[in-house]
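Asker: These protein sequences, in sequence, are chains A and B. Read in order, the letters of the first sequence are residues 0 to 218 in numbering that gives the first Met the number 0. Read in order, the letters of the second sequence are residues 0 to 251 in numbering that gives the first Met the number 0.
There's no promise every hint is true.
As the list claims (entries may be wrong) - Partial selection, computed: residues in chain A whose CB lies under 8 Å from chain B:
1) 4
2) 72
3) 73
4) 75
What the hints contain is simulated information worked out from the structure, not anything from laboratory work. Ideal Cβ placement from N, Cα and C applies to all residues, glycine included.
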Amino acid sequence: MERKFDIELNKLNERLVLMSQLIQKQVSMTLEALVECDVPLSKQVVANDSEIDDLDVKIDKLCQRIFALQQPVASDLRFIMSALKINNDLERMGDLSVFIAKRVSTVSDFKEIINELKINELTEKVDKIVKDTCMIIETRRTVFVKDIFDQAQVIKEESRLISSRMIEQMMEKSDVILVATNLVQILGQIERMAAYSKNIAESVYFIVEGKIVKHTQFL
Amino acid sequence: MKEIKIKIKDLTLHYGQKLALNNICLEIPDRRVTALIGPSGCGKSTFLRTLNRMNDLIPSARISGEVLIDELNIYDRNIDVVNLRKRVGMVFQKSNPFSKSIYENVAYGPRINGINERKVLDEIVETSLKRAAIWNEVKDRLRDSALGLSGGQQQRLCIARTLSVNPDVILMDEPASALDPLSTSKIEELIHQLKEQYTIVIVTHNMQQAARVSDYTAFFYLGELIEFGKTKTIFTNPTIKQTEDYITGRFG
Ligand SMILES: Nc1ncnc2c1ncn2[C@@H]1O[C@H](COP(=O)(O)OP(=O)(O)OP(=O)(O)O)[C@@H](O)[C@H]1O
Ligand SMILES: [Mg+2]
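Next up, chain A with everything else stripped away, as it sits in the complex:
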């Protein structure tokens, strides 16, 4: 039976999917600006952020309204609770994009270092995890959850490895200290992006299965 309530839930779902698409675009533009040292593109990312903030507020308000007026239970409750968290995680990924985009100009004169460290290989992985995350928000295909967890782990390890190589370079050549510091910070944010993807995958799993997988080793 179709409920009037389903209209609200569908609207929420649509907005969440839209949010995830905007974020995916933001992240991919940011990473491209970073590896291509494209400063104008990075400025575009910063300019896009207000649209994301507006949608973030809209989604929060819709969730609040549904909680107040519909008193959701069971799978409805799990969806709305999770929508709030996913929205929050997506919005944070947007903020991380802006953080990185704002630092692109501080590293854009050092393309050789970026190439040498193969940062593009890392950013491709981040592009993929974010794309997969958006896919499971829309399709709720929980079979991909474990895979996203694994991808996040790989990204974490690789970004830390690159950071430690950066730090080694800093100790050898004092003229790279500034760019290296900025890159280490950027890598930290990239690692956090993957962590947010993992959070979102956990939330999707909770919507579908009703089980909490965070803080536990995935089965």
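Put chain B with the ligands on the given structure of chain A with help from the hints.
Answerer: Then chain B with the ligands, alone, in the frame of chain A:
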């Protein structure tokens, strides 16, 4: 899990040819609130009435199976039904005070049980009204007619009347469905207090009420017990799809 107060085994009930309860098995925990939910006509009231043999009063009703309260089958031949109904009190949807004074409404049961001493009756009336959270509102008008009370007050008076004979189980059939939100929340608060001493089984059509007041929830559909479990589980992650569809309003 808590101790079990009422154990229902293979309980089946027919009204004439009509099957109203089909092979119900359920264990109701002691001093907890168990809510019965389900669509109209699924057998909630019928089931509730089997717990103090109120269905005995319906000539067409035929029952098989067992209901054990404290391990004793209440359908055994040698069970004293009057005594049983003292132990298992009932509160109905429509409050039904007698057209007597507030005092006499509460003293009625104890009087029937042979208590006549004024001091003892006074005490029973006072404690029952206090337990039913209505004492402060009526203590200065105990001799007034009970019919002059508001609907919400009448319902709490009926609860006091039930408490006056010292039951250990209280059955409630939609006790707040005719009440405004404030009276409803008073009844819910009261249920919360009463469960420290009594085992409570409540029928309600209000899902939020079931979620708020109960520790365990039983979902009935077409005379069958579909799912029984902790209320927090039923309302966050029920096991059976029919339960999910019912509590989320997708039924039908
Ligand atoms: N005295 C009776 N004689 C014959 N059939 C009855 C009698 N009482 C109830 N029934 C039937 O038994 C079934 C269960 O009724 P019951 O009153 O237990 O349902 P319920 O779940 O309490 O419904 P509601 O939510 O509307 O109060 C219904 O089909 C009803 O018509
Ligand atoms: Mg009924």
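Asker: Of the hints stated earlier, which fail here?
Answerer: Hints that this structure does not satisfy do not exist here, as all of them hold.
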